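**Q** Based on the sequences and whatever the hints tell you, model everything.
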Amino acid sequence: MKLNIHLMFLLLVTIIGVCNAAVAFEILYPDPDHPNSCVTLDSKRKSLIIPVGEKRPAPLGSCYELECNKAEGGNFNLVKTTCGKAVINGKVVEENKSVLYPQCCQG
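Under mature numbering (1 follows the signal peptide of the UniProt record, and there is no 0), read the sequence shown as residues -21 to -1, 1 to 86, first letter to last.
Derived by calculation from the structure, the hints in this document are not laboratory data.
The structure displayed is predicted, hence computed values, not measured ones.
We put the beta carbon where it would ideally sit given N, CA and C, even for glycine.
Each hint should be verified, as a subset may be incorrect.
[Stated by the list, open to error] As a list, the in silico DSSO-like pairs of lysine-lysine whose alpha-carbon atoms are at most 27 Å apart:
1) K59 to K49
2) K59 to K34
3) K70 to K59
4) K34 to K49
5) K64 to K76
6) K25 to K59
7) K25 to K70
8) K76 to K25
9) K23 to K34
10) K64 to K23
11) K76 to K23
12) K34 to K64
13) K49 to K23
14) K70 to K49
15) K70 to K34
16) K59 to K76
[Unchecked claim] Here are the simulated distance ranges between beta carbons:
17) I28 to G69: 41 to 49 Å
18) S77 to G53: 32 to 40 Å
19) A1 to N68: 35 to 43 Å
20) N75 to V31: 39 to 47 Å
21) G69 to K49: 40 to 48 Å
22) V72 to D21: 20 to 28 Å
23) P11 to K34: 42 to 50 Å
24) P11 to L39: 30 to 38 Å
25) P81 to G52: 17 to 25 Å
26) L79 to P11: 25 to 33 Å
**A** Here it is as structure tokens:
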């Protein structure tokens, strides 16, 4: 029993130690003009077309990356990866939005 608790604690510490991003998913329907791509708007409300399997950083001023994947039923998954939040010496590390993802996560 003690061994299981120690292993679970070690696993939890390892997971917390390596998590440095937050991820969100959005389901998109196919666009007839761009049948093999995710079509969405970026943070500046500009149309963004991302082919399946490709990643695109957000425009300067934002700090995330978008990836387009095929989903079931002919739809697409748009995966948005951000920095998440890190705390160093009791202070939340701010994003440096003057550079693209993932460098913007380093504050």
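**Q** For every hint, state whether the structure bears it out.
**A** The hints, checked one at a time:
1. Proximity of K59 to K49 is assessed by CA-CA distance (about 15 Å); at most 27 Å being required, the pair is judged to hold.
2. For the given pair, K59 sits about 10 Å from K34 by alpha-carbon distance, which is consistent with the 27 Å threshold.
3. Restraint check: the Cα-Cα separation between K70 and K59 comes to about 25 Å, which is no more than 27 Å; the hinted pair holds.
4. Pair hint K34 plus K49 holds up; C-alpha atoms about 13 Å apart against a cutoff of 27 Å.
5. Of the supplied pair hints, the one linking K64 and K76 holds, its CA atoms being roughly 14 Å apart against a limit of 27 Å.
6. Proximity of K25 to K59 is assessed by CA-CA distance (about 16 Å); at most 27 Å being required, the pair is judged to hold.
7. The suggested pairing of K25 with K70 is violated, with an alpha-carbon distance near 33 Å, which exceeds 27 Å.
8. The hinted pair formed by K76 and K25 meets the criterion: a straight-line CA distance of about 18 Å does not exceed 27 Å.
9. For the proposed pair K23 and K34, the alpha carbon gap of about 17 Å is at most 27 Å, so the pair holds.
10. The straight-line distance between the Cα atoms of K64 and K23 is roughly 23 Å, inside the 27 Å bound, and the hint therefore holds.
11. Only pairs whose Cα atoms come within 27 Å are accepted, and K76 paired with K23 is accepted, the gap being roughly 14 Å.
12. Distance restraint check for K34 and K64: the Cα-Cα separation of roughly 22 Å lies within the 27 Å cut-off, and the hinted pair is therefore satisfied.
13. Only pairs whose Cα atoms come within 27 Å are accepted, and K49 paired with K23 is accepted, the gap being roughly 25 Å.
14. Between the alpha carbons of K70 and K49 the distance comes to roughly 39 Å, so the proposed pair goes past 27 Å and is violated.
15. At most 27 Å may separate the alpha-carbon atoms for a hinted pair to count; K70 and K34 exceed this at roughly 30 Å.
16. Under the criterion of a C-alpha separation no larger than 27 Å, the hint pairing K59 with K76 is consistent with the structure, at around 16 Å.
17. Our hint of 41 to 49 Å for I28 and G69 holds, since their Cβ atoms are close to 42 Å apart.
18. Taking the beta carbon of each, S77 and G53 are about 39 Å apart, inside 32 to 40 Å as hinted.
19. With their beta carbons about 21 Å apart, A1 and N68 fall outside the hinted range of 35 to 43 Å.
20. Evaluation of the 39 to 47 Å hint for N75 and V31 yields a failure: the beta carbon distance comes to about 30 Å.
21. For the hinted restraint 40 to 48 Å between G69 and K49, the CB-CB distance of approximately 43 Å keeps it satisfied.
22. The beta-carbon spacing between V72 and D21, approximately 24 Å, falls within the hinted interval of 20 to 28 Å.
23. For P11 and K34, the Cβ-Cβ distance of about 24 Å falls outside the hinted range of 42 to 50 Å, so the restraint is violated.
24. With their beta carbons about 31 Å apart, P11 and L39 fall inside the hinted range of 30 to 38 Å.
25. Checked against the hint of 17 to 25 Å, the C-beta distance between P81 and G52 comes to roughly 31 Å, which is inconsistent with it.
26. With their beta carbons about 31 Å apart, L79 and P11 fall inside the hinted range of 25 to 33 Å.
Checked against the numbered hints given earlier, the structure breaks hints 7, 14, 15, 19, 20, 23 and 25 and satisfies all the rest.
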